[in-house]
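These protein sequence lines are chains A and B, in that order.
Numbering-wise (this note's numbering), the first sequence opens with residue 887 and increments by one.
Numbering-wise (this note's numbering), the second sequence opens with residue 87 and increments by one.
None of these hints come from the bench; they were simulated from the model.
Since we're looking at a predicted model, the values are computed, not measured.
Idealized CB from N, CA, C, for every residue including glycine.
You may find that some hints are simply not true.
Distance windows between CB atoms, simulated [what the hints assert, rightly or not]: (1) B:Gly158 to A:Leu970: 38 to 44 Å; (2) B:Gly139 to A:Ile932: 27 to 33 Å; (3) B:Arg150 to A:Ser928: 26 to 32 Å; (4) B:Lys103 to A:Thr946: 45 to 51 Å; (5) B:Glu169 to A:Pro1004: 39 to 45 Å; (6) A:Ala957 to B:Lys103: 26 to 32 Å; (7) A:Leu970 to B:Gln127: 21 to 27 Å; (8) A:Leu933 to B:Thr99: 29 to 35 Å; (9) A:Thr946 to B:Pro156: 38 to 44 Å; (10) B:Ser91 to A:Thr906: 43 to 49 Å; (11) B:Asp149 to A:His1003: 46 to 52 Å.
Listed here are the chains, written in short residue letters.
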Amino acid sequence: AQTVTQSQPEMSVQEAETVTLSCTYDTSESDYYLFWYKQPPSRQMILVIRQEAYKQQNATENRFSVNFQKAAKSFSLKISDSQLGDAAMYFCAYRSTAGGTSYGKLTFGQGTILTVHP
Amino acid sequence: GAGVSQTPSNKVTEKGKYVELRCDPISGHTALYWYRQSLGQGPEFLIYFQGTGAADDSGLPNDRFFAVRPEGSVSTLKIQRTERGDSAVYLCASSYTLDSYEQYFGPGTRLTVT
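The following block holds chain B by itself, in its conformation from the complex (with noise of 0.2 Å):
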């Protein structure tokens, strides 16, 4: 079936605004990771879920970003009061499983805060 896709492609919002960034992973994958890369840089780890509970959220920055996955397939990341330092794209990676070596990515979402 489709890949993981990602929406919105690119979100511009003024600082302090809050943002929702949504990733729909392949079918039937349990395994959801978050990843933020900054320009010219290479990914870095924010959050992954199996199923429905966040199994890991170190890399999560702040108490402003938050992540859900209700129901175990769609996840959003939530960004409260949005700073310059936020901008960045957000990839979002789906596996089979939790022991899947391949994650499968997004195109991304690129994010700027103004």
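Just chain A, same shape as in the assembly (with noise of 0.2 Å):
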């Protein structure tokens, strides 16, 4: 079974600063899905950006971007040049593209909450 693990439980950042979220995984497999979601106190969950695991280019989304290292089974969340909105829990989560009956589902980590100081 696959493990997704988030050892910060909590960041903080300065607003127009950077700010680097971890993430590390475990899994057999060599092809997947890699996200990071972002949860707000709403409670409804954004997808915030995704890796495809065949792929070595990290993937970008305007001011997030991942550091994927494979080998390293690691998926790091950058987001630059924070805003207040930025502020909330953030989801590491592992899909499996392999077929079968855990093929849909979402495994995520424990979550880390970024606090955004203006």
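The task is to assemble the complex, starting from two chains supplied on their own in separate frames and drawing on the hints.
Structural data, given as structure tokens:
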């Protein structure tokens, strides 16, 4: 079974600065998806960024980018030019691309609470 | 159109009671997922549907939990003989197909068992 670990329960950053959230995972599969989701106090999970394991290039979405290290099974999220609206709980998640009954489900880490200071 | 909706937003029930939680997925989405999120934790998978059938229910914690999706759209998560340990936020998500990478989440139902 796959596991996802986020070792930083809380992080903080000054507005306009850069912060990196860490995530490691364990899997025996060679192809999979990795995601970062944002969950504000409204509880609605929002997809921030995704990475396909077969792609060597790190994904980027505006101020959000990832550092995907497949051999190390590491998947960190970098937020540049942090904004007050970035404050939320962030979850790293794994999804298998292999067939079978576990195909569709997401496996989440424990989350990191991000505080942005003005 | 509208996103995933879940009703009720909050539910308080007494230990031992039966509850139903409803999920309305995005129109046209064939895959539907249920997750449970305990306080301060990440969501944990419960069950997912492809169309009307439960493709994987391996995350349901015990036989008190059951979910249906009779017409391939709306889904109901049913919990019998509720226990205090069932208190959590229950999240529903949908995707266009099972192959779609993005799951769209609803705002969740916060269940409190007293």
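Consistency of the hints with the structure:
1. The hinted range of 38 to 44 Å is satisfied by B:Gly158 and A:Leu970, whose Cβ atoms lie roughly 41 Å apart.
2. Taking 27 to 33 Å as the suggested C-beta distance range, the pair B:Gly139 and A:Ile932 conforms, at roughly 29 Å.
3. Taken as a hint, the range 26 to 32 Å holds for the pair B:Arg150 and A:Ser928, whose Cβ atoms sit roughly 29 Å apart.
4. Roughly 49 Å separates the CB atoms of B:Lys103 and A:Thr946, a value that falls within the hinted 45 to 51 Å.
5. The hint said 39 to 45 Å for the Cβ distance between B:Glu169 and A:Pro1004, and at roughly 43 Å that hint holds.
6. Taking the beta carbon of each, A:Ala957 and B:Lys103 are about 51 Å apart, not inside 26 to 32 Å as hinted.
7. Checking the proposed 21 to 27 Å range against A:Leu970 and B:Gln127 shows it holds: the Cβ atoms sit about 25 Å from each other.
8. Evaluation of the 29 to 35 Å hint for A:Leu933 and B:Thr99 yields a pass: the beta carbon distance comes to about 32 Å.
9. A hinted range of 38 to 44 Å holds for the C-beta pair A:Thr946 and B:Pro156, which are about 42 Å apart.
10. The given range of 43 to 49 Å is broken by B:Ser91 and A:Thr906, whose C-beta atoms sit roughly 35 Å from each other.
11. The supplied range of 46 to 52 Å is met by B:Asp149 and A:His1003, whose beta-carbon atoms lie about 48 Å from each other.
Consistency note: the structure conflicts with the earlier hints numbered 6 and 10.
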